[in-house]
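A.B. asks: Residues per chain are reported as follows:
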Amino acid sequence: MTIHTSIKKNAYYDSVTLMLLSRQLQELAGVEDVLVGMGTELNLDLARDLGLETGEFDTLTPNDLFIAAKIDEAQISMKAVEDAFNAYLNKSAESDSDEDYQPPSLSSAIQALPGANMVLVSVPGQYAAAEVEDALDAGLHVMLFSDNVPVEDELRLKQKAVEKGLLMMGPDCGTAIINGIPLCFANAVRRGKIGVVGASGTGTQEVTVQIHKLGEGLSQVIGTGGRDLKEQIGGLMMIQGFESLIADPETELIVLISKPPDPSVAEKIYQIAKSSPKPVVIDFIGGDRKAIEAVGAIPCISLEDAAQKAVKLLRGQEYEDFTGFSLPEEQIEQIVEKEAAKLKGDQTELRALFTGGTLADEAMKLLGDHYEIYSNIPLSPEMAIENLPEGRGHICLDLGEDEFTRGRPHPMIDPQTRTEFFESHVDEKTAVILVDVVLGFGSYKDPAGAVADSVREIRQRLSNQGKDVVAIASVCGTELDRQDLNKSITTLEAAGIIVLPSNAQAVRLTDKVMQRIMEKGAGDVR
Amino acid sequence: MSVNDLFKQELKVVNLGLKSFYSDLKSQGVTTVQVNWKPKAGGKKNMLNLLSKINKVKQS
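For the record, the sequence lines run as chains A and B. Under my numbering, residues 1 to 526 are what the first sequence spells out, in order. Under my numbering, residues 1001 to 1060 are what the second sequence spells out, in order.
Chain A extracted, bound-state conformation (with noise of 0.2 Å):
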């Protein structure tokens, strides 16, 4: 095996690009290892760690591209590496509209956009907030996809919106829609009359998707990003949203989605709510029920149950917490039985593996005390993932998190973490597993088909010992979206997995099982 670095001078493309072709180039018949990336410190210690050094990064700067591979060269030559990546990016290149005229910078592309009013920012972290400064200068509304912006730039860029009447949704902003227009990692979903600002992406696109499947739609629908219900950020562009959807005459009813913001952000949140003209429905994941009612909105159990309470306030119907499932109990506890009878005694353990993080958070919530899962997100410090004990217990991991995500695009743009994952964690003692297939703009063409091979493989590698898996899947996506609801679904119930239609029920029905299996006698599911 030799190392080598090739590299091209002034030469940018995007990290997601990128992430994609090193994964091709990865398939190729003697290449035991390949990064390709721009030249930032965060690829060059990457490339490190992998083994990939060679005496040019010292050349490098971040407007470079370089590719650094360990290859057999009785196989392959770096020049074929080479090769192989030029076409690639060739091909990628030609899907684009490459022929369009491209402005070097911000403001010219301003000035060859008359009336330009968003800007999307989704360059790398260091670069993000000197760009959204000038957006805002220039009085353009901002969404920033972009992580890695420090919290005193995020508040700073956020003062400024405020005080100019501007959004800056983000950083780490990963869904709205504005004006009926899905940005980033949105679902397409109809145009209707309730408003949502998110403080979560995937949670925002489950309630926003849940609303559409009940026949309603969304008038504005806002992201703040993470961290914006924090002390430190105040939440300032959750009020900021919050308040032009009250101001907005075509939403009729506002939805708040975050995980528990702090205290004090709350408190001014409740605030609003109390002299809001407009229903107000909030999920603040696992937040404090009784001061939402106390100020006269109203609180939720689920996400789906956000969207149900949403829709049925909005039609002037009696609501109450959505606990059950769509499908009639018994119809649920006959799969139960049929899907609990194919497990051994020895199979006791969840594999939820997740590719959204709020997703993942609500399943644990859900799931409650009945088990001790360990995570990646946990809900204590003492089940992270690292004290599983001899690898053995339940695990529910948020595949996006950055620890799954260096140097590799996120789950949802490529499933290849996610069937890693099922290939290493999912063995002969699993019991169930829980996952979530997300559709929409920005998401991977067939998510759908990603889990399905994986299950299939499972499936088979687990008949060698005469044995079966439990697997159920919800997924978060409409019948617009151009993965399309309906196919996803017959896909995944094509490989033998179950889909429920929402997370809340698939972890209703997962919890379901696993309590079955414990009845059973199967063993200590705890």
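Calculated directly from the structure, the hints in this document are not laboratory data. Just so it is clear, CB atoms sit at the ideal spot from N, CA and C, and this is done for glycine as well.
With a Cα cut of at most 27 Å, we get these calculated DSS-like pairs of lysine-lysine: (1) A:K365 to A:K290; (2) A:K160 to B:K1053; (3) A:K8 to B:K1045; (4) A:K259 to A:K365; (5) A:K79 to A:K9; (6) B:K1008 to A:K164; (7) B:K1038 to B:K1012; (8) A:K160 to B:K1045; (9) B:K1012 to A:K193; (10) A:K259 to A:K160; (11) B:K1026 to A:K91.
Reference listing, derived: stretches of chain A covered by chain B, where coverage requires no fewer than 3 residues with Cβ under 8 Å from a Cβ of chain B: (12) 5 to 19; (13) 57 to 65; (14) 112 to 122; (15) 132 to 144; (16) 168 to 181; (17) 236 to 249.
Given the coordinates of chain A, assemble chain B onto it according to the supplied hints.
C.D. replies: Chain B alone, transformed into the frame defined by chain A:
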């Protein structure tokens, strides 16, 4: 332009960064422009700091 004014307008988007976001917008018929973005000053920190200082002086 306030947020509520934005709600009444056609959305016109400048995209800096991931090209897939631009392609998604374009496929929906949204008026959008992709910036051929690369780090200013070759991405070198000391040069970026200098540029930022110059801009601040210009603004004041």
